[in-house]
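With the hints as extra help, turn the sequences into a complete structure.
Just so you know, the sequence shown maps onto residues 1 to 448 in this note's numbering.
Hints were generated in silico from the structure; no laboratory data involved. In this text, a Cβ means the ideal position worked out from N, Cα and C, and glycines have one as well. Among these hints, one or two may not hold up.
Claimed, not checked - Label pairs and their in silico Cβ distance ranges:
(1) G219 to G401: 21 to 27 Å
(2) A134 to L391: 39 to 45 Å
(3) L362 to R50: 48 to 54 Å
(4) Q305 to P91: 33 to 39 Å
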Amino acid sequence: MIPAVPPVRVTGLNTAPVRVDGDWVVYWMVAQRRTRYNFALQHAIGLAQRLNKPLVVLEALRVGYPWASARIHRFIVDGMVDNAQRFAAHPVSYFPYLEPTEGAGKGLVGALVARAAAVVTDEFPCFFLPRMVAAAAARAPVQFQQVDSNGVLPLRATDRFYTTAHSFRRHLHKTLRPHLDQFPVSDPLDHTAGLPAASLPKTLIERWPPVAAADLEPGAHARREALIGRLPIDQDVAAVAYRGGTQAAEALLHTFIDGQIGRYLDARNQPEQVVASGLSPYLHFGHISGHEMVAEVFRRESWDQSKLAVKATGSRAGWWGMSPAAESFLDQIITWRELGYCFTFHRADDYDRYESLPPWALETLRVHAQDPRPELYTREELDAGRTRDMLWNAAQMQLRGEGRIHNYLRMLWGKKILQWSSTPQEALATLIELNNRYAVDGRNPNSY
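Here it is as structure tokens:
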């Protein structure tokens, strides 16, 4: 039997029971789009084992979500290629679905759930996903659970949001230790031997045809480009040159851990140097897990918990008992990244609104609302990178073309938009629009 997932990571979304006469267990993969280090997949496999039911994994992609584009679609479909290969080698029914027109996928989740014994999905604390999942769970006639595989610290191991990294870091130092012994299984599919096979109804497959196997062959790039090119999404935001998926993510991770990390502390804030991991887009789409990244740092450092400092100081350095470069990276992947997830989780109703800013920030912006702004640019001018600041223009052009900006340069990018906007509210709206439209890792807790 596969190990159980820590209970703090599993949340029931309805009161319906498990249906022992159901045909299968469904894992609706909406955020953690991978087969490795995935608590939700681990939990779904455990349910299938206990019930002796087949496991059906649905990975679907709509066309009607905000900022839907060829860029986002191609990155996600790259991940489907990897997932199709991995699931094909195990007794799990993988159902990759690309909605051809808006609304065409309506009813697919309900059709699978109607015959399910139980349903498992991912918890993701922002964008449209919480509303979508809650609506599906409310209609489900069977047990419907979401699983938190977002970060090393479970979302429910916090009782509030934190407005500074220092305060959140102090909380981490006090609460993180037990969760360092509760990582997900590295490859849950290794535990699927003996699961019965699912036989999906012909009517379901004809009504919602999955992506053809030929389109998910690793070398079928042209077929996928043509498939995505026919979809009613923003084709002007073109796919980026780098590929999505777990294989690409893990290759980047190993390049970083075995090489670049040694320079990370000293050079990560130099935009002209390539020392950052480049893994943010893969984290956003769930093609790699923060747990796996942390586990690789542990491996490199030959680390164990006995090296942890006893006192919770909230300091950026010294708590882990690792090399300064490794500690600096862990501070980014755990403190700074999970600070954003904690914030959107506890501010679910307004994380993307101006009013969610802390009182000191709102007061500062109010005091300076009437400051002279000799240069104002329209959103169209900013989008096109037509300002008098050549560095800012270069950052915007990188965002438009590559779907990313170096993290240190992105701070300048954001602050200048505030300076060039009539009001801070207008600046926020512009920031959200440009980031979410072009950034591969946009629409994420850390974006907000």
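Hint check:
no., hint, in the structure
1, G219 to G401: 21 to 27 Å, "holds (25 Å)"
2, A134 to L391: 39 to 45 Å, "holds (43 Å)"
3, L362 to R50: 48 to 54 Å, "holds (50 Å)"
4, Q305 to P91: 33 to 39 Å, "holds (36 Å)"
Of the numbered hints given earlier, the model fails none.
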